[in-house]
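Residue numbers (my numbering), protein chains in the order written: chain S, 1 to 381; chain E, 1 to 261; chain C, 1 to 295.
Among these hints, one or two may not hold up.
To be verified - In the SDA-like style, the derived pairs of lysine to any residue whose C-alpha atoms are separated by at most 25 Å in a straight line are:
1) S:K32 x S:A331
2) S:K156 x C:G155
3) S:K127 x S:D361
4) S:K304 x S:A331
5) S:K259 x E:R93
6) S:K220 x C:P75
7) S:K56 x S:T320
8) S:K56 x E:A62
9) S:K259 x E:W133
10) S:K304 x E:W133
11) S:K56 x E:W133
12) C:K287 x E:R93
13) S:K173 x C:I161
14) S:K286 x E:W133
15) S:K135 x S:E124
Hints are computed from structural coordinates only; laboratory data are not their basis.
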Amino acid sequence: MKRMVRVGTVMLSLVAAAGPLWAAPAEPAYPKEIGKGEGALNIVAWEGYAQDDWVKPFEAETGCQVNKKYAGSSDEMVALMRSGGGGEYDLVSASGDATLRLIYGGDVQPIDTRFIPDFADFVEDLKAPPHNSLKGVHYGLSYEWGPNVLLWNTAKLKAAPTSWSALYDPAYKGLVSVPDNPIQIADAALYLSKTKPDLGITDPYELTPAQLDAAAALLKGQQPLVKKYWALASDQVELFKNGDSVIGAAWPYMTNTLKDAGTPVADTVPTEGATGWADSWMLSSKTSHPNCAYKFMAYVSTPKVQAQQAIYFGETPVNTKACAPMDAQQAGSCAKYHLDDAATYLKSIRFWKTPLQQCADGSKTCTSYTDWQQKWQEIKG
Amino acid sequence: MPSSPARFLLGLWALLVLVFLFAPVAVIALYAFNASNVQSWPIPGFSLRWFGTAWSNREIRAALALSLEAGLIATTVAVVLGTAAAFAVNRFRFVGREAVSFTVVLPIALPGIITGMALNSFFVLAGTGLSFWTIVIGHATFCIVVVYNNVLARLRRMPASLAEASMDLGADGWRTFRLVTLPLMSTALVAGAILAFALSFDEVIVTTFTAGAQNTLPLWIFGAIRLGQRLPEVNVVVLLVTAVTFVPVLLAYRLMGRSGV
Amino acid sequence: MSSITLPRRLSTALWRAPRLALAATLLPPLAWFLLIYLAALAVLFIAAFWSVDAFTGEIDRTWTLENFARIVQSPIYRAIALRTIGMAAAVTVTDALIAFPFAFFMARVAGPTLRVTLFTLVLLPLWSSYLARVYAWRLILAHDGALNWALNGVGLPSLEIGYSRWAMWIVFSYIWLPFMITPLFAALERIPQSLLEASGDLGARGWRTLVRVILPLSLPGLVAGSIFTFSLTLGDYITPVLVGGPGSDFIGNVVYANVGIANNVPFAAAYASVPLVVMMLYLALAKRIGAFESM
Chain S
1 MKRMVRVGTV MLSLVAAAGP LWAAPAEPAY PKEIGKGEGA LNIVAWEGYA QDDWVKPFEA
61 ETGCQVNKKY AGSSDEMVAL MRSGGGGEYD LVSASGDATL RLIYGGDVQP IDTRFIPDFA
121 DFVEDLKAPP HNSLKGVHYG LSYEWGPNVL LWNTAKLKAA PTSWSALYDP AYKGLVSVPD
181 NPIQIADAAL YLSKTKPDLG ITDPYELTPA QLDAAAALLK GQQPLVKKYW ALASDQVELF
241 KNGDSVIGAA WPYMTNTLKD AGTPVADTVP TEGATGWADS WMLSSKTSHP NCAYKFMAYV
301 STPKVQAQQA IYFGETPVNT KACAPMDAQQ AGSCAKYHLD DAATYLKSIR FWKTPLQQCA
361 DGSKTCTSYT DWQQKWQEIK G
Chain E
1 MPSSPARFLL GLWALLVLVF LFAPVAVIAL YAFNASNVQS WPIPGFSLRW FGTAWSNREI
61 RAALALSLEA GLIATTVAVV LGTAAAFAVN RFRFVGREAV SFTVVLPIAL PGIITGMALN
121 SFFVLAGTGL SFWTIVIGHA TFCIVVVYNN VLARLRRMPA SLAEASMDLG ADGWRTFRLV
181 TLPLMSTALV AGAILAFALS FDEVIVTTFT AGAQNTLPLW IFGAIRLGQR LPEVNVVVLL
241 VTAVTFVPVL LAYRLMGRSG V
Chain C
1 MSSITLPRRL STALWRAPRL ALAATLLPPL AWFLLIYLAA LAVLFIAAFW SVDAFTGEID
61 RTWTLENFAR IVQSPIYRAI ALRTIGMAAA VTVTDALIAF PFAFFMARVA GPTLRVTLFT
121 LVLLPLWSSY LARVYAWRLI LAHDGALNWA LNGVGLPSLE IGYSRWAMWI VFSYIWLPFM
181 ITPLFAALER IPQSLLEASG DLGARGWRTL VRVILPLSLP GLVAGSIFTF SLTLGDYITP
241 VLVGGPGSDF IGNVVYANVG IANNVPFAAA YASVPLVVMM LYLALAKRIG AFESM
């Protein structure tokens, strides 16, 4: 029995070692040069982030076969990067609410931007943003960004909504669809920061327990209105296509897909502003294909690929040189996605970041992502 | 035999159940020809283009090959281990005999997420990482019970006197097994193997925990479905797989039905 | 000498030494289960009594019942556990009701050819991906879906059951139905015709024969099928995500979230012990009924 317990302890410590939340950020281990590709590359990506249009040419050019695993949420990405003790996947296209978890978990390693020729053309604010860089060390390479929008069916809603309040309006009972994601609490917090200033919310990702409770109360009131908390991009598309939902929080990608399928929809960034994502490619600390990974990161940073990605998904590239190929592919798309005024547009979006117990002012009075996750479970039931 | 009105009602019920079972399969078949990539009712238009894209998709071929390979190996392991366990339980009396049935059925009787989590932590401990082989091990573990149950049920219905007679006639153990026992239980083995393979071929939950970067066909489908751009392509693959399996499976069961003990 | 092959010599030895034969047949499967499966399970459930340090995220190996206390005290985790078990029970009953007449028709009414064809047809959906079939159901049950289209076509009002617990109930009952039909069919087929005739000869009406003879004799098959339908529903977390509405998370969803996201393996293990205990009780009961013989 003693032996059993000991074996158990050893096993558990290994399970635990698979990725404690705050292990430590990995030390830089930069390659001297990028050699020949290893022939394969395993990536975890957002749905739509590894389309054949640009991945196929990369494979042909480098001989690196890209094996993709799609994830529907940042949480899933973190889980996948830690699966099997880490090292299964080489790259992940993580959003700002996953990046810090991956960095502090020691799951990803610093990236040497010397090997990314296009890095110099990146929009300044996203070269070393706090969500993917620590003290000037790049743990992530910024990729694309955009806002979470308010999506509605223009045939079923007579007047275009301009405020997030539409999502809390009992008039749409049973017709609302919002993401099944704890970070959704930030959307409620952002709305409250404008509508209930006495709560004192300044940053929707830094909430005191009282502020978190207020946001949760708002969302609990929304729950009876919700048709579905969508988990996959296809959920939201089908919900709107088949008339189950007429208003909701969505990505521009869904607007594009629905319009292509002939559904009358429109989207907007409401007056309160919007939360949004700024995605970064991050390199696993246990990668077994570093050369292919660097080649891939360099490739997807080029203006052409950045433009293809932006138009496919409906988002904005970090590479400011992507404007010309964007307009070449789809006239007016550079302005449509605000790449021409990226620096200002960027400031209007509250990018996802991991809520931490430690607030920006150093005090430990904020609520952590674990608290958010528990609250979210209570909200959606 | 039930009375004829009862027989009619039962037949009607059977028909309704078949409609229930095949309504979604019919939807899959229909929407393989969907002109749009988003599914909506009624179908907006017809197109054959998804057959082309599915055919030229390297990922589908790789996932299909991996699923077939993993399924075949897992089924083989399950047949060997399941048959062995069934023999032991049927022929011998030993301490803990009762517990064997209980243990064997656990991987399928316990919720998939428990089996998945347990195996995942085990592989992490063993330091093997996740690979093709961890998928196979996971599948074999929950497939054993299917073979075990089928074989054991057959052995129980098989009179022990047959084997004894064979031995009395001078055949040794191996000969008896090969010439008497094996033919008698072959149909049970095949039925068990088919079901085991089917289980392995469509498993998602345990596989999520035991697969690394490789995709089995169901994992590829999950990836392709979630974006909502390739649903018709998924339907094409599912339709073709179902069509290809129907005839051999029907033939196998007919053969079994004829020779069933 | 050459005619005596190795397997033959081996088998002769085995036949003469039953203990050896027992070891040869039992050890490999036993080793597989002990070394891989049971060991892994044991470790997982030791962890249920540990905890995770909220700040460092490290596992604290002091024995504690804190995880279990949290589950019992929190209304949401209680509600999710009850919801999951309730759904598993509802699906099992539904499948039993659908499957019994069908299996009876297969086993006692249909001729040999029809029987084999039906058997194949019942198992055929297992070859068409579970995920694709669930997606097909979404289209059937959606607001503008096939079901409402048909209902409106015959002048009936629409049903708003897409993305709800009703949808989950229908889809689960659908998905696991073959797993109920097969063991029931096996049990019903095994009932000797003579027994039914005897019951009739003794003056029992059809209904009485059904209740007094057929039902008791098919009970092991029914229980065997129910093990599948109950446990498969209990452990699923994908169908709730795909067809459930608000308030439809299952135990599996919480476990998955705690393993992958919160990195709280002890809590996940503790919560996973709910279905484990439920299934253990169920299996113990099933064993007494003799269901293991007819799975």
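Practice task
Run the structure past the numbered hints and jot down the numbers of the failing ones, going up.
Solution key: The structure breaks hints 1, 5, 9, 10 and 11; every other hint is satisfied.
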